[in-house]
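K.L.:
Chains as they are written, first to last, in the numbering used here: chain S, 827 to 993; chain L, 827 to 993; chain X, 827 to 993; chain D, 827 to 993.
One should not assume that every hint holds.
Cβ-to-Cβ under 8 Å is the rule here; a few derived chain L residues that face chain D [what the hints assert, rightly or not]: (1) H832; (2) F859; (3) R875; (4) R910; (5) R911.
Bear in mind the hints are in silico, worked out from the structure with no lab data behind them.
Just so you know, these numbers come straight off a predicted model, no measurement behind them.
Using N, Cα and C, we set each Cβ at its ideal position, and we do this for glycine too.
4 protein chains.
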Amino acid sequence: MELRYHRPLDAGTLRALGIPSPWTFGLADRVRFGELDALGHVNHTAYLRWFEGFRLPFLKAREVTDYGPDAPRLVLRAVGAEYRREMGMGLDYVVCGRVRSFRTTSFTMDYAVYLPDPEGSAPLTATGWAGIVLLAHDGSGRFPIPEAGRRAFIEADGATPEPPATS
Amino acid sequence: MELRYHRPLDAGTLRALGIPSPWTFGLADRVRFGELDALGHVNHTAYLRWFEGFRLPFLKAREVTDYGPDAPRLVLRAVGAEYRREMGMGLDYVVCGRVRSFRTTSFTMDYAVYLPDPEGSAPLTATGWAGIVLLAHDGSGRFPIPEAGRRAFIEADGATPEPPATS
Amino acid sequence: MELRYHRPLDAGTLRALGIPSPWTFGLADRVRFGELDALGHVNHTAYLRWFEGFRLPFLKAREVTDYGPDAPRLVLRAVGAEYRREMGMGLDYVVCGRVRSFRTTSFTMDYAVYLPDPEGSAPLTATGWAGIVLLAHDGSGRFPIPEAGRRAFIEADGATPEPPATS
Amino acid sequence: MELRYHRPLDAGTLRALGIPSPWTFGLADRVRFGELDALGHVNHTAYLRWFEGFRLPFLKAREVTDYGPDAPRLVLRAVGAEYRREMGMGLDYVVCGRVRSFRTTSFTMDYAVYLPDPEGSAPLTATGWAGIVLLAHDGSGRFPIPEAGRRAFIEADGATPEPPATS
Chain S
827 MELRYHRPLD AGTLRALGIP SPWTFGLADR VRFGELDALG HVNHTAYLRW
877 FEGFRLPFLK AREVTDYGPD APRLVLRAVG AEYRREMGMG LDYVVCGRVR
927 SFRTTSFTMD YAVYLPDPEG SAPLTATGWA GIVLLAHDGS GRFPIPEAGR
977 RAFIEADGAT PEPPATS
Chain L
827 MELRYHRPLD AGTLRALGIP SPWTFGLADR VRFGELDALG HVNHTAYLRW
877 FEGFRLPFLK AREVTDYGPD APRLVLRAVG AEYRREMGMG LDYVVCGRVR
927 SFRTTSFTMD YAVYLPDPEG SAPLTATGWA GIVLLAHDGS GRFPIPEAGR
977 RAFIEADGAT PEPPATS
Chain X
827 MELRYHRPLD AGTLRALGIP SPWTFGLADR VRFGELDALG HVNHTAYLRW
877 FEGFRLPFLK AREVTDYGPD APRLVLRAVG AEYRREMGMG LDYVVCGRVR
927 SFRTTSFTMD YAVYLPDPEG SAPLTATGWA GIVLLAHDGS GRFPIPEAGR
977 RAFIEADGAT PEPPATS
Chain D
827 MELRYHRPLD AGTLRALGIP SPWTFGLADR VRFGELDALG HVNHTAYLRW
877 FEGFRLPFLK AREVTDYGPD APRLVLRAVG AEYRREMGMG LDYVVCGRVR
927 SFRTTSFTMD YAVYLPDPEG SAPLTATGWA GIVLLAHDGS GRFPIPEAGR
977 RAFIEADGAT PEPPATS
């Protein structure tokens, strides 16, 4: 099976690449020379770049934003990552992501990086998460997640709606 | 007062720049054009690059490694960051860091980014942390933090020694 | 026709994407968010990163190096680029490259970036070149281009053999 | 003599660092870990980032632009670089730059990277150049170099005015 890069991979395709539940949205790419650091491994910041690149088509597919003139600004509040296994030059990988939970104007995403393996179980190389807030483009304040987005978070990602933060 | 870039700033100098306790080691630098992303702000991965750059002279000063042929490999296990305030082109900033806690072969660092203000209180733009493990260069396994390093973590950073992990 | 990313595209495939002669080796990829600069366009250094990434599989295919333990070191002596047309987020592009000329231990490559267009003529967004020298891995001096590589430069790229430099 | 980073160095200071004529404007900085590539040397694109970073304060000092709302857009048409000597982690360097020649709405800059040496002659590690065009911010076409800028190019850089291009 030839790996399809840069195009969303659905649950069935991910399973066929050895990537487990709950992931239902993945994007494949290949490690570049410029992502290696002086130790010859993928630098830890490259993974966060991958998660950033993942968010753009993912949040369009989830109908949170169309990146148009009236679309909300997506502001990163916090990120984290855990590194399980070093990666080297030219490796194929799949970034998976989903919304874990959401409130009125903010949500938390989880990420995972796998080395696809059509024959078995794809090794997990890293995990990550990000906390994101929506702001109105005109600077007038917070922007509520559109209803279509909330529905997609629940139905496609199994995300948990949470009560508004009290802080 | 002229800001000194790229050279370690001690507790007294940090206080004079409006940067509070417990920080006792800082490095000043300036935002570059290439660190901005398409939204015109410093990209979230740039902060993690700053923390990475900070670690190198800091861990030498703390006598954990001299980066020589027998020095341990420093492996990043996990990182996190919180973003408090967007940063723009050409801003001067100070990265501060310290060891929060350590075990036999691993330790956890905290980081903070401030906009130095000799007249008052330096705004905090981001915080971060990293979990680091020492491995022997020859691949033979874990490498204990040198005694001089453990002492420096306690005396210079006020770090907490923790019992060996049971996992 | 679906664009195949990261896998060498041959002359026939390139022509079907509107990319003209003399290009016979291309690699497709997609613009990432992290390649944009604060002006919202692909930063000028990203193109040079693309050319660098192109060289690795290209020079393996041309049998100049297998990147093994006895392979020569490839040292960049000089580069240049011309920018014809700004590129934005998410665009698909094809990097093409070929060897223009070579001497005993050095060669010059040309590059071009096209926006593939199966319906017509692919717009050219940038061109570039690089001068590369081969050094022996053990530091003993220059390393001659392997005979298989010289043949591939001539046959696959139409490269011009040049007399040894007199300097 | 302590090297001053990030602040323009004038002709006298450059000479005292072993950097020869005709350079009269320099900016000092230090190699970062993230600028090294998998071979352990400064990646060739990092130099072009340094030249880019140099242009911003330089063109303000030369009164070509104040980067204000009515300032021209600076568009890079072409770049080149030659690499003379590999650079490693933590090295101090000085980027020098000047305008070599200019026309009505465009100019060509030269760059050089030196390792400052207060005791003697600073080694040259790389040279570069860039061709830049000024465009009106409102998209209405080319933007003439301001008279103050033309004067500064001649007086401070010894630049050569050239007749309008006939193409």
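K.L.:
For each hint, tell me whether it holds in the structure or not.
P.N.:
Hints versus structure:
1. The restraint placing L/H832 at the interface with chain D holds, with a minimum CB-CB distance near 5 Å, inside the 8 Å limit.
2. Given hint, L/F859 at the interface with chain D, holds; its Cβ is 6 Å from that chain's nearest Cβ, closer than 8 Å.
3. Interface restraint check: L/R875 against chain D, minimum CB-CB distance 5 Å, threshold 8 Å, status holds.
4. Taking 8 Å as the C-beta contact cut-off toward chain D, the hint placing L/R910 at the interface is violated, the least distance being around 23 Å.
5. For L/R911, the interface hint is violated, the least distance from its beta-carbon to any beta-carbon of chain D being 21 Å, above 8 Å.
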